[in-house]
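Generate coordinates for the entire structure from the input sequences, incorporating the hints supplied.
Protein sequences, first through last, are from chains R and F. If you read the first sequence in the UniProt record's numbering, its first letter stands for residue 1, the second for the next number, and so on. If you read the second sequence in the UniProt record's numbering, its first letter stands for residue 1, the second for the next number, and so on.
The hints are simulated quantities; they were obtained by calculation from the structure and are not laboratory data. Where hints are given, some of them may not hold.
[What the hints assert, rightly or not] Label-pair restraints from in silico Cβ distances:
1. F:Gly316 with R:Thr383: 22 to 30 Å
2. R:Glu297 with F:Glu421: 48 to 56 Å
3. F:Gly271 with R:Glu387: 52 to 60 Å
4. R:Ile188 with F:Leu171: 49 to 57 Å
5. F:Glu382 with R:Ala419: 51 to 59 Å
6. R:Gly105 with F:Arg255: 47 to 55 Å
7. F:Arg255 with R:Met1: 40 to 48 Å
8. R:Ala210 with F:Gln58: 32 to 40 Å
9. R:Asp142 with F:Arg104: 56 to 64 Å
10. F:Gly316 with R:Arg255: 39 to 47 Å
All residues carry an ideal CB built from backbone N, CA and C; glycine is no exception.
Number of protein chains: 2
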Amino acid sequence: MKAEIIAVGTELLMGQIVNTNAQFLSQQCTAIGVGVYYQTVVGDNESRLRQALETARQRADVIICTGGLGPTQDDLTKDVLAAFLNRSLIVHQPSMDYMTEFFRGRGIAMVESNAKQALMLKGSDPLPNDTGLAVGVALTQDDTHYILLPGPPKEMKPMFERYGTGWLLGLMGGEQPLYSKMLKFAGIGESLLEHKLIDLIDKQTDPTIAPYAKEGEVTLRLTTRAGSLSEADAKMADTEREIRERLGEYLYADRDVPIEQVIVDRLIELGLSLSAAESCTGGMLSDMITSVPGSSEAYHGGLITYTNRLKHALLGIPMELLEGDGAPGAISERTAREMAERLLERTGTDFALSVTGVAGPSPSEGKPVGLVYIGFARRGGETVAIETKQTGNRELIKLKASKAALYLLWKQLHKHDEAAERS
Amino acid sequence: MKAEIIAVGTELLMGQIVNTNAQFLSQQCTAIGVGVYYQTVVGDNESRLRQALETARQRADVIICTGGLGPTQDDLTKDVLAAFLNRSLIVHQPSMDYMTEFFRGRGIAMVESNAKQALMLKGSDPLPNDTGLAVGVALTQDDTHYILLPGPPKEMKPMFERYGTGWLLGLMGGEQPLYSKMLKFAGIGESLLEHKLIDLIDKQTDPTIAPYAKEGEVTLRLTTRAGSLSEADAKMADTEREIRERLGEYLYADRDVPIEQVIVDRLIELGLSLSAAESCTGGMLSDMITSVPGSSEAYHGGLITYTNRLKHALLGIPMELLEGDGAPGAISERTAREMAERLLERTGTDFALSVTGVAGPSPSEGKPVGLVYIGFARRGGETVAIETKQTGNRELIKLKASKAALYLLWKQLHKHDEAAERS
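The following block contains the structure:
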């Protein structure tokens, strides 16, 4: 099946936002064996959107539109497709009921324009919106398949992953589906990882091996066509074993989860608690951990001590350690160690992480941008502190430093598991 | 003039990279008054690229292609356009001389395939490549203008900025460029904002008015054609005044900046300091604030008190307020107020923000997902606490609650400014 992705939105044509939706949908389609042949962007304009649909119909079997399902006047994707296919729009009652309840529960007046978010084309399959109000649409007419998705990535992505891909797979019938397995690595960069696997990557045929880096982590995707998941697993087993032998110490998961999720799950399993003291990451590390649903069972809280005064006032770090001639300074292994240990005392958790460094854009204490120390303290155990060097702009350094702290914790949890096995 | 941007590259269709080139070219075209009506992505495939050119010729005056000018077999944009326009390819001698010298200077053998990077269509204008080897091409045939640019952003961007825009401006003669102005709002949703401006939006002609929502904020874009920035400002003044009259209380900036940036700048200007105590936002609020470069001048740090025990141990909130029959509980206006006031004592900052609520996915203390209380305390001033209801999934609730806290602070800073003016 040949697919075309149409992103609808004048803000894309003005260059105000970058079309990450097309990238996401292309990745998802490729993964299930639907080839994307064109991506198109068109503005919030009735006649041009209609023309884009006409062009796409001539060259694609599947047309995936994203954007223009919202409540405002320039949201017109459903109207245009309905006219294009000569179908009427009908109310999707569950969406309407949910929306009515939604506004009532919040004590907000539901303005009439909102109602159009509950419309779908007559005879189409609704795609539920678990993270917003506009219902999605999937339908087939004259051998062409159409999918309409919302524009905001937070609504579009879960809708397509949970409902859109399944709908497409249902159409494909006989063709053997693609199976992918994700191996997730932390504590190693993309180029070093690729370097260590270059012979495997060069001779790859089946399964295929594709590394990519995203958000401070590296992912390796193995892909093969097979009749079933267990058949696919068997085809990928040798390659996976070889990769584990070479890079096992960095491999934290064999599914597409961020490291914070693996850590939170493991802490809950072990009944252990965690706190964090952050300087240069400024809250990002705690934000990552608390993005995991249920994290409150393991993560108790922490401190953000951005200034030396607060490192002293809130954590009790002696000022003579932070400032003055010959002092190690706030950005030092010693301070990272003290932060973790003193936080542990104050919070009473089993584990404590600490991060202190230079996020930039300017050096601090005469120390270079990207220098970051990470500390780890455990109740009744030894404290560990390491020096790391992170690259990129301020946001990337914060991100990579947060991930590095999580990787240090993951390794300690791993040791914990090994010790438990031995005893 | 109507433009279409065609990005050529199979890696875009596989979702391996995001199409930032289209965004850049759209911004550049918009800035010089060339409206982009379509963006297209097509793979490294002769017949489909030809078809994309055919489609574009029917609907655009200017066709800008990026990608496919390199030395490898996949690079076929020049060949395809030459065949499409029935022109031959000729050597651009200065590019060939530069390339020959380039390889000789590095002691590398120049493989024959490299030579094609010095080719241009007969009768076209060369666009010099100051940061790479492939020469660009600009030409007009049958009233359609074509520009071919390399794919790597570090070559494409300088080529288009230095030579491509000038070539296009030369074609336009009289037409005036577009000017845009962004108005940024917080504390109001997209539909309510549009509802309050619907009569203006309905009768819009010049300037045009377009609202869009992103990351918990709403942006309104005013756009007009004018001979200069000051002329554009004058044309937009009446509309802007009307919008300010209706929505001034939510309008925090007239340029495209996030609210945290406006707040950090203002705090630094006033020499005031800030700390934050977070529960349900779990560090996201502090992370947002510290994402602003230079924020350490105003933001001193804070606490993340995820559990009641830490609300008591780190902030000193009495346990009888948090738990037990008849207690207001952790998720209450009273606790938000206490968190802000007690944080202020502990950090000694001028202002303190607090957030406590239910991010979900499950209710807490029998209170519904999305219920969030925000507190604000100031040295020597009155404490404020408000109740808000946020919608969406866990991540969105954290995001919107963080933005709501920033909006409360922004309003307080505003009052501060007004009080200063009066005194």
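Quick rundown of the hints versus the structure:
no.: 1; hint: F:Gly316 with R:Thr383: 22 to 30 Å; in the structure: 27 Å, holds
no.: 2; hint: R:Glu297 with F:Glu421: 48 to 56 Å; in the structure: 50 Å, holds
no.: 3; hint: F:Gly271 with R:Glu387: 52 to 60 Å; in the structure: 35 Å, violated
no.: 4; hint: R:Ile188 with F:Leu171: 49 to 57 Å; in the structure: 51 Å, holds
no.: 5; hint: F:Glu382 with R:Ala419: 51 to 59 Å; in the structure: 54 Å, holds
no.: 6; hint: R:Gly105 with F:Arg255: 47 to 55 Å; in the structure: 36 Å, violated
no.: 7; hint: F:Arg255 with R:Met1: 40 to 48 Å; in the structure: 45 Å, holds
no.: 8; hint: R:Ala210 with F:Gln58: 32 to 40 Å; in the structure: 37 Å, holds
no.: 9; hint: R:Asp142 with F:Arg104: 56 to 64 Å; in the structure: 60 Å, holds
no.: 10; hint: F:Gly316 with R:Arg255: 39 to 47 Å; in the structure: 42 Å, holds
In summary, the structure is inconsistent with hints 3, 6 from the numbered list given earlier, while agreeing with the others.
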